[in-house]
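Order-wise, the sequence lines are chains A and B. Heads up, the first sequence is in the numbering used here, so the first residue is 1 and it goes up one at a time. Heads up, the second sequence is in the numbering used here, so the first residue is 1 and it goes up one at a time.
What the hints contain is simulated information worked out from the structure, not anything from laboratory work.
Selected chain A positions facing chain B (Cβ under 7 Å, derived; list incomplete): (1) S139; (2) M155; (3) I206.
Cβ coordinates follow ideal geometry from the N, Cα and C atoms, glycine included.
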Amino acid sequence: MTLNYAYHSAIAGIGATPFTKDSGRTPMDQAVEACLAACEDAGLPPEKVNGMVTYSAEQNPEIELARNLGIEELTHFSMVHHGGGAACGVIAVACQAIYSGAADYVLCYRAFNERSWHRFGAGVQDRPAGAEASEVSFSWSSPFGLVTPASWVAMFATRYMHEYGATTEDFGRVSVVDRDFAATNPYAHFFQRPITLEDHQNSRWIVEPLRLLDCCQETDGAQALLVTTAERAKDLRQKPAVIASAAQGAAEDQHMMRSYYRDSITGIPEMGLCARQLYQSSGLSADDIQTAIIYDHFTPLVLPQLEEFGFCDRGEAKDFIRDGHLGRDGRLPINTNGGQLGEAYIHGLNGIAEGVRQIRGTSVNQIENVENVLATAGTAVPTSALILSQPQ
Amino acid sequence: MSEVMTDEQKEAFVAKLRKEVGTTGTPTTARDPVNQPMIRHWCDAMEDANPLYTDPDAATQGPHSEITAPPAMLNAWTMPGNIPRVNDPKDPASGVYAMLDEAGYVGVVATNSEHVYHRYLKLGDLLTGTVKLVDVSEEKQTALGIGHFVTTETEYLNHHGDHVGSMFFRILKFRPGTGRTAGDGDAAAERPPRPRPSRNQDTDFFWQGSRVGELRIQKCLNCGYLQHPPGTRCPACGSTDMGYITASGEGTLYSYVVSHHPRVPSFDYPLNIGLVELEEGVRLVTNITDCDPDQLKVGMPLQAWHMQTHEDVSIPVFRPARVPRNPSTLTFDEVSVGDELPLCPIPLTPTLIVSTAIASRDYQDVHHDRDMALKKGSEDIFMNILTSSGLSARYIGDWAGPDAVFKNLKIRLGAPNYPYDCMTMSGSVTAKQEADGEHIVEVSFRGQNSRGPHVTGTVDLALPRA
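Construct the complete structure from the given sequences, taking the supplied hints into account.
Spelled out as structure tokens, the structure:
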């Protein structure tokens, strides 16, 4: 198996609303703004769009959005499963649609008021009982109070700490890096508000071993990305961010956020599956990546992602982080927009937009000589990842 | 006299109570000499399996060379048994108790017991105890009610006149119904039930099992593969012929979290949630009960029990497992200050509370008669203090080994041990010293139930050198 759409498509436009805690607007209104902004960024009239891809938990149907955007005909539309795990999956599916000829211009989007309308972090406490498999799966955790995303991730974190000697300070160092980049990004919620490791250690427990400052924000806002062929993108307004490859992965004995039953729970095999596909299809390796967007809904799972992509050996991410490699002058600066802890939590799509800016050379925290950018999607769920490259 | 007193009346009353402080009562001789049946009854009720108390062959090899009574039984021998109590007018403590009863302080609860053991009791020793009134406190507001603490000290001699031990003892005599009411009792009563498990034909066996106290794990009837959560087809061999085994319920903690926020009203926080690896090899998410968050450790041994959450639903949860008794004895050199004792759960069944009260010859009705316990201001029957001593000694002895010699046992009681709760013992080594040619280790311990610490205490143990 190989991904034959490598290097075929590109992200030609990016657009977002302001990221807020109380938008005062409907998510649909924000989705429209973000999509129009992405088209405007690319210099493409929105009615040219004939494909739309979003991912589960999205409450703005593409047909309504298309009506609002003035799109008359859609020849590809799909919903990728598993929430934030599909952040790069929507790009992979867009690439597949474009490579197959099913669509020419595809909008990928996410829009919600997940701070002011419903708190995403509250989890599944109110989920009613039912007999379908999707409900039954919660029976193995919810009756015991394991009902929030933070708690699901924390279970992996304790075991990881036990096996590899990582500490909550190592998680905190990820948070400090995010907030350092956010501090110089005017678009970030935590603009000009960096934190110290001491701040992290003093923040309150959410679910031990996770503290408040290990958890991403909840945000109101929208982000859209416009995908087309790399060839067509050349004729549009911006420098194309070529999609070297984009891949999805679900691994053996996969469960939604709670894959606790595998022989080992300290790695992320579904992310390893994405890494293998990306490197194989693009011909690139960890050495070719200058900066990365590492999905950071909760800091502990940043560590095994670094290991799955080969930036360090198994169990050694803590040393890589302690050596400062994720920061501004490190080997692999990550989340230069401030990440989902610092900028906003748009289920990973805002991070991909930052990857595009790093390729264009327009990031407020621009890394020098960027050739390839890695972006990853939500972990512990079936996931996805992609590599963006400079156009040839 | 049960009316509320003025300050002046109170002062006069305390002065009257204290008149006898410093005087001793009539020596009381045990009804029976130290004997094997009573020892066996005690060991059975306390689940104390130290063979030095019941097995003549083992005892011959032990430090005393013959059968000895469990040291914590010290004051059981002179207990009056189930005969009407007659207050001895010459006994200063009895006199004080009578005065307090008359004044309306009819509730009674023991709060402190400090045993000192000069030597272990042997079969045939006939004990005589002499009580001295040491102190009567001012009137105090306690959680249980308004009352006075009465402190006595008892010296025990055997029939040869040997001084075998002593006991410092404190009780609270209180007015029922004057205690502080628990603040969150109502909140707990209004607590919504936990999220109800979603179930279907593929998973019903699991919940039906928990309802009858079985932890059931899906098993492929073709190849024997075990899996949790259950599926519809065996991932190992492809068979759809699925059954289940009943797991032993023994497991270890593979990972855990302590949830603080957000708080779901169905649960108590902080909430211990564990990922338990069963000895059969599969894992499941569950709660770790009867254990403080800071007592959780990856690898700790656990035992399943089933918690009823709805009228028709129970869920399997786990508590620390009781570690088997140490059959050899720790040496002084093997033990370091800071060493932690393994946790030990003691499920508080009505049987345990009643049988231990009787085995320690404590026939106070509040320890076996629920109607009387309620009438005297208690929520239910509750564990007597001699049992708290006995179970503490069992816990320490099971860790140290059969040849460890108790030099003393000092306990203080807090939250009562009511039925259907669980008390979890924990402890650590807090001092080591050589004294009079003996190698003494001090252990501090605590027994915690769902209301808080029931017992806290210390013990000095003499351990062999090598």
